[in-house]
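Q: Line by line, the protein sequences are chains A and B. Going left to right, the first sequence walks through residues 225 to 1011 as my numbering numbers them. Going left to right, the second sequence walks through residues 772 to 1020 as my numbering numbers them.
Simulated from the structure, these hints should not be mistaken for laboratory data. Even glycine gets a Cβ: it sits at the ideal position worked out from N, Cα and C. It cannot be assumed that every hint is accurate.
[Stated by the list, open to error] Covered by chain B, per the in silico footprint, the following chain A stretches (three or more residues, Cβ under 8 Å):
(1) 538-552
(2) 647-655
(3) 908-916
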Amino acid sequence: MRSLRRKLFRELVGMRGQVLAIAVVIGAGVMTLILSVTTLNALQLTQERFYQQHGFAELFAELKRAPESVARRLADSPGINHLETRVRSGIRLQVANFDDPVRGLLLSLPDGRQPGINRLYLRSGGLPDPERGDQVVISEPFAEAHELRPGDHLQAIIQGRQERLTISGIALSPEFVYQIGPADLLPDYQRFAVVWMNRSTVARATDMDGAFNSLVATLQPGASAAEIQVLLDAGLARYGGQGAYDRDDLPSHRFISEEMNQLRVMAVAFPLVFLGVSAFLLSVLMERIVRTQRQDIAVLKAFGYSNAQIATYYLLLTAFIVAVGLLLGIGAGAWAAEGYARLYMEYFRFPTLEFRLQPGGIALAILVAAAAGGIGTARAVHHSVRLTPAQAMRPPLPEHFQQSWLGGTRFWRWLDQPGRIILRNLGRHRLKAILSVLGISLSTSLLLVGSYQFQAVDRMLDVQYRLVQQADLHLSLTDPTSERAIGELRHLPGVLLSEGYRSVPVRIALGHRTYRTALLGMENRSVLRGLIDVRHRQQSLPEHGLILTDYLADELGARPGDSLELEILEGERRSRTIVLAGVVAEPIGVGAYMERRALNRLLGEGPAINGIWLQVDKTQLDALLPRLDRLPRVAGIGLTGEAESAIRSYIDETVLVLMGILLLLAGSITFAVIYNNARIAFAERQRELATLRVLGFSRGEVAWILIGELLLLTLLAIPLGWAIGSGLAWLLNQALSMDLLRIPFVITPQAYGFAAAGVLLASALSVLLVMRRLYRLDMVSALKAVE
Amino acid sequence: MNADTRHDVPDVSSTANSVFRTNGLTRTYRVGETEIHALRGIDLTLYAGELAVMLGASGSGKSTLLNILGGLDHASSGQVLYRDQDLSQASERQLTIYRRDHVGFVFQFYNLISSLTARENVAIVTDICRDAMAPEQALELVGLGQRLDHFPAQLSGGEQQRVAIARAIAKQPAVLLCDEPTGALDSATGRQVLEALLAVNQRLGTTTVIITHNAVIGEMAHRVILLRDGRIASIERNAQPCSPSTLVW
């Protein structure tokens, strides 16, 4: 077998271009699998470890104010493992050299020590000294955004009083892994901070001595969260309880879960598509390569090699190529996964990234790649060993062709001989042609899947920020306020238009499905906050009834006309049955909407608002912001432009980076497939092409037969690829829809054009490379060789 | 003289009548460390209208010489003239045009395009050159007027070779170069193919060179050129070539 091994080695060297191209196809498939499985696993592992080691709460409840004795009673309830109270308060912060308004969430810590639940991970410094009322721990992303260190100072306005704070430590909390401000969609580390302070100091500042307004709890194993939620709600109702909620309704945890769900979908969908496509291509390519070696096989058999030895030889050849692909894929996948997981760490603030390659993923990749290569090779070898050795010595029998139905047509008469060669070859090898077209169209579809999101994301953001969120500024107020405030703001410099809204936390239920969100009461025909339908037409609010984001309605399984249970999680905590009047199509976030005065009536209050949208003259923004900041009831100021650029960079960094990687892979696969197609077609036609050269055809004329065939296959493949790609994109779109955002299913002509251009470019490059071979084509030896 | 059994001997002495002239033609190949001298100085003239058979054992250099005459290969030194054109100085493009317009090839394994019918296999050549005859006419000439729309796979070996001959002569080449045209055929079929070659040579006056290791075929030639170790060992003139049908091997 030593000579066979030597032959193996030489052949591998000889076809290194093809070997590499096929390895790239496998590598790309394996890489997507390793990338998504490993990233997902790293995030899961990191999350679990952090939650576990820092005692992440399982239940949360906010209320107006309750005495500590209430908590002691609740803590003894069955099913509760541990319960802790705390004081929380919205504050405003001022950071040196930063003019924009900064909002903060102040949370109490037991004086001088870690809480039992939601323990902090101190990145630097320490907890506040129990004797020092001015010391605080601040959240790490905020500290990083402003380059704050322990010992630095901050100005804070707590309950209207200015305080000078000293940073004692910088920390992370399992409660704020995804650190977003209330009502924000994305983190804004510069403009939102979480601040922890000694309980006694916070209580004094917020008038909460001996009382609390927030509690967290962990459960005993096997306890029902829903039952304990009911129990807490009952116990806290008198004290302005806003409804207990579990981790799923905590924004941080919810976003991480959603992101992981999305990754989970990708961990299945992308490898399925990529590995599936590459497995298919690998199988087809190996089969064709082995078939071009029919002659060698016959000769080996004539020398007395057994079928098993020959099969082993070709399986080794495949194994080598598969191994190169696996190495490429695993290496690149691990590298990309770590980078990708680190990217997530920018948004998900865990103390450390627990990153490790998953043996399961690698095993799966090996299995799929080996099976795909093995099947293709086995089929081809089986086919070839049936050849009798004598056939190697005989002149090649011409292949059988038949006149086709095209034969008598005017088209056929118009066609020149090379054209007829191309068409008859494709017609004769229909299966091969179909497989080639399928291979190229799958590449086209991958290019489309990889590219459509770029434009779809743009479209989504345009819809959200041109049609839905039309206000430039958004003020949230500390308490419900008379609607007169709207008019008063119009006198401030630069304010062009102002509209008020009333927002309350609610729980909406239909049957057993519930969803916690904010109910927004707004003007019937709001100018600054659009409500649009699927076709982007502005909707007006009905006098009665509720409007939901279509995504939320689907989650609840609700259709217009259905009656929903609406529980107000504020004030008297009223519950109402309300009719779903319609749905709106918003790409970002989920919400519930109704006419503001109707909401006021539902809440049993006068015409009140707790938020204002402004349209402003942007040139006067510098003068306006400090004026707004000084207004006592303003809890926070949001800049729509900032939010838009934040979400754009979030998407650029996560979704589009991944799409970019996939696009690159799709490009490599496309090239590899087409190049291999061209190479194999060249090998199969070599003799005919050489004959034509001898007969006086120029290189260009001969090349046309090859190029024409490839071009025809490519042109047939492109529309098919578009169709397959659109289907894959649609599936992906469905799978990736989530609370935070839903990328619209929009495939622009540019995306179709891009996919087609990519495939044509790959064809052109392949043709160029094969042309080089055509130039070196040895006419004499090609004629002598018996195929 | 009966044209069916004997044919006119063209003038093979006047330089004015020459088609090919080679002077001191050599061809060496490097295979790894060793240098192979395929041709070691060939001086040969081929005349218009003659049918020459080039005989030689394997490795004698006959195929190399044919390849150089056909514009498929370059000589290492020496000169090869086709009429007034110096092929040893011709560029790749000029050689392509030369092959296209002046040379017809017939190969041992026919080298037909399997996806084209007999008619189309001829047409693929007539499409690209001037003054070509109709494919049907060329096929008629080799006795395949009834098999125009058959694909190679539907034809016998002898028929395939005759299609190849029709393809080679349809362009009305000045010279027809045949490399072991009967090598893959049984003797009866081989005789039919040789008859077709002779018919073309007689009716069109095409200079025809047949290379073979089968000495019997030399009996139908005007001249038999024997090659040995890259040199011309002998040239015999055949005053009375016989008909292919009488050849026995």
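Q: Hints first: check each against the structure and report whether it holds.
A: Right, here's what the structure says about each hint:
1. 538-552: violated (count 0)
2. 647-655: holds (count 3)
3. 908-916: holds (count 4)
Hint violations for this structure: number 1 only, all remaining hints satisfied.
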